[in-house]
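Visitor: Could you put the whole structure together from the sequences, leaning on the hints where they help?
2 protein chains.
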Amino acid sequence: MPNLFKDLPATAGEEDFVELLSRPGVRIERIVSFGQSTPPDAPYDQDHDEWVLLLRGSASLWVDGDGEHNLRPGDHLMIPAKRVHRVTRTAANEPTIWLAVHFCLDARITPPAT
Amino acid sequence: MPNLFKDLPATAGEEDFVELLSRPGVRIERIVSFGQSTPPDAPYDQDHDEWVLLLRGSASLWVDGDGEHNLRPGDHLMIPAKRVHRVTRTAANEPTIWLAVHFCLDARITPPAT
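Chains as they are written, first to last, in our numbering: chain A, 1 to 114; chain B, 1001 to 1114.
Hints may contain errors.
[To be verified] Chain A regions said to be covered by chain B (calculated; three or more residues, Cβ under 8 angstroms):
no.: 1; region: 61-74
no.: 2; region: 79-90
[What the hints assert, rightly or not] SDA-like mimics (lysine to any residue), calculated; alpha carbons at most 20 angstroms apart, straight line:
no.: 3; chain 1: B; residue 1: 1082; chain 2: B; residue 2: 1062
no.: 4; chain 1: B; residue 1: 1006; chain 2: A; residue 2: 78
no.: 5; chain 1: B; residue 1: 1006; chain 2: A; residue 2: 72
no.: 6; chain 1: A; residue 1: 6; chain 2: B; residue 2: 1058
no.: 7; chain 1: B; residue 1: 1006; chain 2: A; residue 2: 74
no.: 8; chain 1: A; residue 1: 6; chain 2: B; residue 2: 1039
no.: 9; chain 1: B; residue 1: 1006; chain 2: A; residue 2: 6
no.: 10; chain 1: B; residue 1: 1006; chain 2: A; residue 2: 49
no.: 11; chain 1: B; residue 1: 1006; chain 2: B; residue 2: 1100
no.: 12; chain 1: B; residue 1: 1082; chain 2: B; residue 2: 1056
no.: 13; chain 1: A; residue 1: 82; chain 2: A; residue 2: 56
no.: 14; chain 1: B; residue 1: 1006; chain 2: A; residue 2: 23
no.: 15; chain 1: B; residue 1: 1006; chain 2: A; residue 2: 82
no.: 16; chain 1: B; residue 1: 1082; chain 2: B; residue 2: 1041
no.: 17; chain 1: A; residue 1: 6; chain 2: B; residue 2: 1072
no.: 18; chain 1: A; residue 1: 6; chain 2: B; residue 2: 1052
no.: 19; chain 1: B; residue 1: 1082; chain 2: B; residue 2: 1063
no.: 20; chain 1: A; residue 1: 6; chain 2: B; residue 2: 1077
no.: 21; chain 1: A; residue 1: 6; chain 2: B; residue 2: 1104
no.: 22; chain 1: A; residue 1: 82; chain 2: B; residue 2: 1072
no.: 23; chain 1: A; residue 1: 6; chain 2: B; residue 2: 1082
no.: 24; chain 1: A; residue 1: 82; chain 2: B; residue 2: 1021
no.: 25; chain 1: B; residue 1: 1006; chain 2: B; residue 2: 1097
no.: 26; chain 1: A; residue 1: 6; chain 2: B; residue 2: 1051
no.: 27; chain 1: B; residue 1: 1082; chain 2: B; residue 2: 1104
no.: 28; chain 1: A; residue 1: 6; chain 2: B; residue 2: 1073
no.: 29; chain 1: A; residue 1: 6; chain 2: B; residue 2: 1074
no.: 30; chain 1: B; residue 1: 1006; chain 2: A; residue 2: 73
no.: 31; chain 1: A; residue 1: 6; chain 2: B; residue 2: 1070
no.: 32; chain 1: B; residue 1: 1006; chain 2: A; residue 2: 52
no.: 33; chain 1: B; residue 1: 1082; chain 2: A; residue 2: 51
no.: 34; chain 1: B; residue 1: 1006; chain 2: A; residue 2: 56
no.: 35; chain 1: A; residue 1: 6; chain 2: B; residue 2: 1069
no.: 36; chain 1: B; residue 1: 1082; chain 2: B; residue 2: 1044
no.: 37; chain 1: B; residue 1: 1006; chain 2: A; residue 2: 58
no.: 38; chain 1: B; residue 1: 1082; chain 2: A; residue 2: 77
no.: 39; chain 1: B; residue 1: 1006; chain 2: A; residue 2: 70
These aren't lab readings, by the way, just hints derived from the structure by calculation. For every residue, glycine included, the Cβ atom is placed at its ideal position computed from N, Cα and C.
Guide: Encoded structure:
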């Protein structure tokens, strides 16, 4: 039985992205952060909607027009397509585990079916 | 900020289903159980695939052809369409919180867009 809280990456290194499920139009992934944040000069600006749920740890997420959110486990929000956003902080002393659901309605970014 | 672990239902009563997000082809819901199980004579037999993630509590899930799984927080699995399944147990002394993603590819059950 796969478990979201197991097989965590080592603390030092890049953010870790694991695809859990991919269907036409939808992709679910686990993201593990360990103190990383999005570079201020390279925010996310995606062509698709993304729903994120913070499961463990803590983070701050800035969303254009909406300000900065401090996220605790259980917090979730939808980030609409083309809404510029940036993770400004993730916990430095513990892993921060996210679940992200990408709604890839744009054919250009529809992932292959599994 | 909505939080999956807040606004839990009272302990006595029915299982609680809250729709978090609905798109053409995809529906995400939170389910809170408190000791309930699926009646043996009325198992689930769905026309669509469902991905489930157990977030808190514990449960046992029987899936036809696959046996019984004991689920702990973080465990997740895909239940294919038409695969008969049944929740045989959920924790009696604490809420069991699930995240369910329904892939409603069949037009008959595509939910309305929000």
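Visitor: Each hint needs a verdict: does it hold in this structure or not?
Guide: Right, here's what the structure says about each hint:
1. 61-74: holds (count 5)
2. 79-90: With 0 residues closer than 8 angstroms to chain B, the region 79-90 of chain A misses the three-residue bar; violated.
3. B:1082 x B:1062: holds, 14 angstroms
4. B:1006 x A:78: holds, 18 angstroms
5. B:1006 x A:72: Holds, at roughly 11 angstroms.
6. A:6 x B:1058: Satisfied, since the Cα-Cα distance of roughly 17 angstroms is no more than 20 angstroms.
7. B:1006 x A:74: holds, 8 angstroms
8. A:6 x B:1039: violated, 32 angstroms
9. B:1006 x A:6: violated, 24 angstroms
10. B:1006 x A:49: Roughly 24 angstroms between the alpha carbons, so the hint for residue 1006 of chain B and residue 49 of chain A is violated.
11. B:1006 x B:1100: holds, 17 angstroms
12. B:1082 x B:1056: Not satisfied, since the Cα-Cα distance of roughly 27 angstroms exceeds 20 angstroms.
13. A:82 x A:56: violated, 27 angstroms
14. B:1006 x A:23: This hinted pair is violated, its Cα atoms lying about 30 angstroms apart.
15. B:1006 x A:82: violated, 30 angstroms
16. B:1082 x B:1041: holds, 16 angstroms
17. A:6 x B:1072: holds, 12 angstroms
18. A:6 x B:1052: The hint holds at about 17 angstroms.
19. B:1082 x B:1063: holds, 11 angstroms
20. A:6 x B:1077: holds, 14 angstroms
21. A:6 x B:1104: This hinted pair is violated, its Cα atoms lying about 29 angstroms apart.
22. A:82 x B:1072: The hint is violated at about 36 angstroms.
23. A:6 x B:1082: violated, 29 angstroms
24. A:82 x B:1021: Answer holds: residue 82 of chain A to residue 1021 of chain B is near 19 angstroms, not above 20 angstroms.
25. B:1006 x B:1097: Cα-Cα ~11 angstroms, so holds.
26. A:6 x B:1051: The given pair, whose Cα atoms are some 18 angstroms apart, holds under the 20 angstroms limit.
27. B:1082 x B:1104: holds, 13 angstroms
28. A:6 x B:1073: holds, 10 angstroms
29. A:6 x B:1074: Satisfied, since the Cα-Cα distance of roughly 8 angstroms is no more than 20 angstroms.
30. B:1006 x A:73: Within the cut-off at roughly 10 angstroms; holds.
31. A:6 x B:1070: holds, 16 angstroms
32. B:1006 x A:52: holds, 17 angstroms
33. B:1082 x A:51: violated, 27 angstroms
34. B:1006 x A:56: Holds - the C-alpha atoms of residue 56 of chain A and residue 1006 of chain B are around 15 angstroms apart, at most 20 angstroms.
35. A:6 x B:1069: Roughly 17 angstroms between the alpha carbons, so the hint for residue 6 of chain A and residue 1069 of chain B holds.
36. B:1082 x B:1044: Measuring from Cα to Cα gives roughly 9 angstroms; hence the hint holds.
37. B:1006 x A:58: Cα-Cα ~16 angstroms, so holds.
38. B:1082 x A:77: Given that 20 angstroms is the threshold and the Cα spacing comes to 31 angstroms, the pair is violated.
39. B:1006 x A:70: holds, 16 angstroms
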